[in-house]
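Assemble the whole structure, with the sequences as input and the hints as a guide.
Protein chains: 2
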Amino acid sequence: MTPLEYLQQTQAKRMEELFEFLRFPSVSAKSEHKADLQRCAEWLRKHFQDLGLSSSLFPTSGNPIVYAEYLVGPQRPTILYYGHYDVQPPEPLELWASPPFEPVVRDGCIYARGSSDDKGQTFTHLKGIEAILKAEGTLPVNVKFLIEGQEEGGSPEDLSRFIQKEKKRLQADIVVVSDTSQFSKDLPAVTFGLRGIASVEIFAYGPNRDLHSGTFGGAIGNPVNLLCEMIGRLHDKNGRILVPGFYQDCRLPGKWEREQFRRLPYREANYRKELGVTALYGEKSYSTFERTWVRPTLDVNGIQGGYQGEGGKTIIPSRASAKITMRLVPDMKPADIAGKLEKYLKKIAPPCIRLEMVYHGGAEAVVVPTDGPWLEAARCAIRKGFGKAPVFMKEGGSIPVANNFKSSLGLDTLFLGFGLNSDNIHSPNEHFRVVDFERGCRTAVALPYEIARVKAG
Amino acid sequence: MTPLEYLQQTQAKRMEELFEFLRFPSVSAKSEHKADLQRCAEWLRKHFQDLGLSSSLFPTSGNPIVYAEYLVGPQRPTILYYGHYDVQPPEPLELWASPPFEPVVRDGCIYARGSSDDKGQTFTHLKGIEAILKAEGTLPVNVKFLIEGQEEGGSPEDLSRFIQKEKKRLQADIVVVSDTSQFSKDLPAVTFGLRGIASVEIFAYGPNRDLHSGTFGGAIGNPVNLLCEMIGRLHDKNGRILVPGFYQDCRLPGKWEREQFRRLPYREANYRKELGVTALYGEKSYSTFERTWVRPTLDVNGIQGGYQGEGGKTIIPSRASAKITMRLVPDMKPADIAGKLEKYLKKIAPPCIRLEMVYHGGAEAVVVPTDGPWLEAARCAIRKGFGKAPVFMKEGGSIPVANNFKSSLGLDTLFLGFGLNSDNIHSPNEHFRVVDFERGCRTAVALPYEIARVKAG
Numbered sequence: 000m001t002p003l004e005y006l007q008q009t010q011a012k013r014m015e016e017l018f019e020f021l022r023f024p025s026v027s028a029k030s031e032h033k034a035d036l037q038r039c040a041e042w043l044r045k046h047f048q049d050l051g052l053s054s055s056l057f058p059t060s061g062n063p064i065v066y067a068e069y070l071v072g073p074q075r076p077t078i079l080y081y082g083h084y085d086v087q088p089p090e091p092l093e094l095w096a097s098p099p100f101e102p103v104v105r106d107g108c109i110y111a112r113g114s115s116d117d118k119g120q121t122f123t124h125l126k127g128i129e130a131i132l133k134a135e136g137t138l139p140v141n142v143k144f145l146i147e148g149q150e151e152g153g154s155p156e157d158l159s160r161f162i163q164k165e166k167k168r169l170q171a172d173i174v175v176v177s178d179t180s181q182f183s184k185d186l187p188a189v190t191f192g193l194r195g196i197a198s199v200e201i202f203a204y205g206p207n208r209d210l211h212s213g214t215f216g217g218a219i220g221n222p223v224n225l226l227c228e229m230i231g232r233l234h235d236k237n238g239r240i241l242v243p244g245f246y247q248d249c250r251l252p253g254k255w256e257r258e259q260f261r262r263l264p265y266r267e268a269n270y271r272k273e274l275g276v277t278a279l280y281g282e283k284s285y286s287t288f289e290r291t292w293v294r295p296t297l298d299v300n301g302i303q304g305g306y307q308g309e310g311g312k313t314i315i316p317s318r319a320s321a322k323i324t325m326r327l328v329p330d331m332k333p334a335d336i337a338g339k340l341e342k343y344l345k346k347i348a349p350p351c352i353r354l355e356m357v358y359h360g361g362a363e364a365v366v367v368p369t370d371g372p373w374l375e376a377a378r379c380a381i382r383k384g385f386g387k388a389p390v391f392m393k394e395g396g397s398i399p400v401a402n403n404f405k406s407s408l409g410l411d412t413l414f415l416g417f418g419l420n421s422d423n424i425h426s427p428n429e430h431f432r433v434v435d436f437e438r439g440c441r442t443a444v445a446l447p448y449e450i451a452r453v454k455a456g
Numbered sequence: 000m001t002p003l004e005y006l007q008q009t010q011a012k013r014m015e016e017l018f019e020f021l022r023f024p025s026v027s028a029k030s031e032h033k034a035d036l037q038r039c040a041e042w043l044r045k046h047f048q049d050l051g052l053s054s055s056l057f058p059t060s061g062n063p064i065v066y067a068e069y070l071v072g073p074q075r076p077t078i079l080y081y082g083h084y085d086v087q088p089p090e091p092l093e094l095w096a097s098p099p100f101e102p103v104v105r106d107g108c109i110y111a112r113g114s115s116d117d118k119g120q121t122f123t124h125l126k127g128i129e130a131i132l133k134a135e136g137t138l139p140v141n142v143k144f145l146i147e148g149q150e151e152g153g154s155p156e157d158l159s160r161f162i163q164k165e166k167k168r169l170q171a172d173i174v175v176v177s178d179t180s181q182f183s184k185d186l187p188a189v190t191f192g193l194r195g196i197a198s199v200e201i202f203a204y205g206p207n208r209d210l211h212s213g214t215f216g217g218a219i220g221n222p223v224n225l226l227c228e229m230i231g232r233l234h235d236k237n238g239r240i241l242v243p244g245f246y247q248d249c250r251l252p253g254k255w256e257r258e259q260f261r262r263l264p265y266r267e268a269n270y271r272k273e274l275g276v277t278a279l280y281g282e283k284s285y286s287t288f289e290r291t292w293v294r295p296t297l298d299v300n301g302i303q304g305g306y307q308g309e310g311g312k313t314i315i316p317s318r319a320s321a322k323i324t325m326r327l328v329p330d331m332k333p334a335d336i337a338g339k340l341e342k343y344l345k346k347i348a349p350p351c352i353r354l355e356m357v358y359h360g361g362a363e364a365v366v367v368p369t370d371g372p373w374l375e376a377a378r379c380a381i382r383k384g385f386g387k388a389p390v391f392m393k394e395g396g397s398i399p400v401a402n403n404f405k406s407s408l409g410l411d412t413l414f415l416g417f418g419l420n421s422d423n424i425h426s427p428n429e430h431f432r433v434v435d436f437e438r439g440c441r442t443a444v445a446l447p448y449e450i451a452r453v454k455a456g
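Quick mapping for you: the protein sequence lines, in order, are chains V and D. Under numbering that gives the first Met the number 0, the letters of the first sequence match residues 0 to 456, in that order. Under numbering that gives the first Met the number 0, the letters of the second sequence match residues 0 to 456, in that order.
The set of hints was computed from the structure by calculation and includes no laboratory data. Please note: incorrect hints may appear among the correct ones.
Just so you know, same-sequence chains aren't split out, so a pair can sit in one copy or run between any two.
[Unchecked claim] Once the Cα atoms are required to be at most 20 Å apart in a straight line, the calculated SDA-like pairs of lysine to any residue come out as: (1) Lys-332 to Glu-101; (2) Lys-345 to Gly-275; (3) Lys-345 to Pro-91; (4) Lys-45 to Thr-59; (5) Lys-33 to Arg-271; (6) Lys-33 to Gly-308; (7) Lys-345 to Gly-231; (8) Lys-167 to Thr-9; (9) Lys-167 to Leu-410; (10) Lys-346 to Gly-231; (11) Lys-236 to Arg-353.
Below is the structure:
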């Protein structure tokens, strides 16, 4: 029996196991789910153990890190797999067609929070290793798994501290992450770069209490109006960010990569239609791929202030706040950018309100070298798993841990995305196509052999 | 026993009855409280009945209207009292020192939602009438009470339909409303004008779902950013509203009233300190009183969009919305102003979002004639109740029903405010000073005699 035959024979069981994994409401943004994250981590550890890997939980100040390994010998290359078992909050719940933590297959897709980001994608590598072990009794490479539980909160200090502390244990040749996407349906991709991120929250404080907007309106600055006004001054009419110095360190896209992007299939009408918008947005003189992959952004992820319930409430709210993330490109430093934003906001804040900004951390952009052997191994594995050669692309999202692997362990990261942009990750009705889950598992079987091959070659 | 002696002897009982009234969570903005409003109305009807008035409930499409009357004869003048038993939502609950619907007296104040706005103030007139009836066995005037349950929602069509339909029943000489404030602590006032209001809600729709801000940020218009940008374009740097035509019909304050306002005690430092702001806001070349009483405004009462919970969520939200009210001065028409706002917003909305505006209704500003006998009656009653002559002022809030009384019944309205601007109406820890409640009750005893006097005179 070959590993692929094993995969074929165990499809139903594999799906059931994934469903078990998806049922944990492992929402790291909410402290009420702390116990669920713990239980999810323990389930995962036990699963590794059942596959024959040695596994353990490493506690952190937040949720535990699951670590597992199967070592065949120092003469063999070592893959360090990284993934995360925590998920985004499922809200707004009323927009889900089925409950977010009760996975179901509908129209060929697995619907559940985390199905694509990242439980489903991570799980392919467990199943790939399982298949090789069951079929061959051993592996062509050493494997190490580091699955964390705080990625959706930006992978705070805990993880970098762990990597720093466990440098020796984590030694490897290459990191593999499946937390990105195919280029499009049935067109797989290898991702050779990611944007960085800087997260902040801004608070505008006005009067010491909500005031009657009739009695006081006209004489008291309204924190919602004024916060809006400030946010309105963060971009110019052409989508360019107005924070002084924002673009100062920003590396311009290279000729080679712009050329790669130009080759990719793209039809703006389809893109607009898929997202339900009548017009796109953003910096002039850059294509959609450039704007989302190699240009920085500033987006309000959430805003609140005043009365938000049914009906009305005639108040001048005492405060307003906004959660903001900025996506960064190579050479931009998160703390530096956050500092520039704070300076600008404080400068433009009117005297009748008090502005505060909290910096929630960030990560620099990631660049995968395009000239080493690794991209070739990834390309071949994907071709085998998907039956089709992948394209090369970048990704606008951030996987901060890749910076850690580079700086602490000197390792590059291969991004093999099995999901789709249309998987609704981070939004209601997240799903993962069954066919992509299966192709992912087949790619996961092929990858260790390819890594062994290019390393030997 | 005189009416005032009766008041003195029944103070404890009066307070207990008010507490009963305040315990109903009669929040008209929330449909979940519909039954509470019904119970509150029935309690009030019963209370009128116990005082010897004939009373009944008039159902509406929303909450019932409580009506009561005591008629002594057509040769006597008739007062129509108006008040409301519904209250503002109590949120944010965590900022209340004691639960909003469990009234307590603390530091000489009655703390409860509705204590000042408007259950407590309305209740003074019931107690005034009770005192006269108990002491004299009759009244110097005919009295009619109309207490509604939808004022905080802007007194929708139901009320005007009722007034229109019950024109005959409601015939009177003057309307009396206690839903405004003293000028300041221990400086009572007669209010000779109120601003009007226009309420709208605006919705900015972007992509058909929340999108990952990494994957799509830079190419897709963010409804929160863009709604903020539009709200930021509603005022200029000097607090002037930029909606074309907004000021077109706006009546400028007259020389006489500006003079009245200039005479009122005012210290900006105290005003700022009381509200906890370091600077005021608003149109240049108008005083604080003018900006809050005779100039129009536009305030966002609440805004929401995207993720608002703990932690972060890296999304481009699919929508954002804001509740807005505009305060209007004489000659501005609410629907006209709302229409101008909509036109402007739709003009400045970028093509990547879809903007919708819902008009929730409004009311024109109210002007009380300063030359008839009524202001004099009010002045004398307040002087008796408070032991001090009142000043003449205006008020920035809106009491839309006064427009109805004028247009449907031809009646002017006297505003006798017993509360204080610092009562925290519409915000946490609403309260009503016990001493003001008592002065209000004494004024309520004096008023019918004064009305009878000026009418006879």
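- prompt: Which hint numbers does the structure go against, in order from smallest to largest?
  reply: 1, 3, 5, 8
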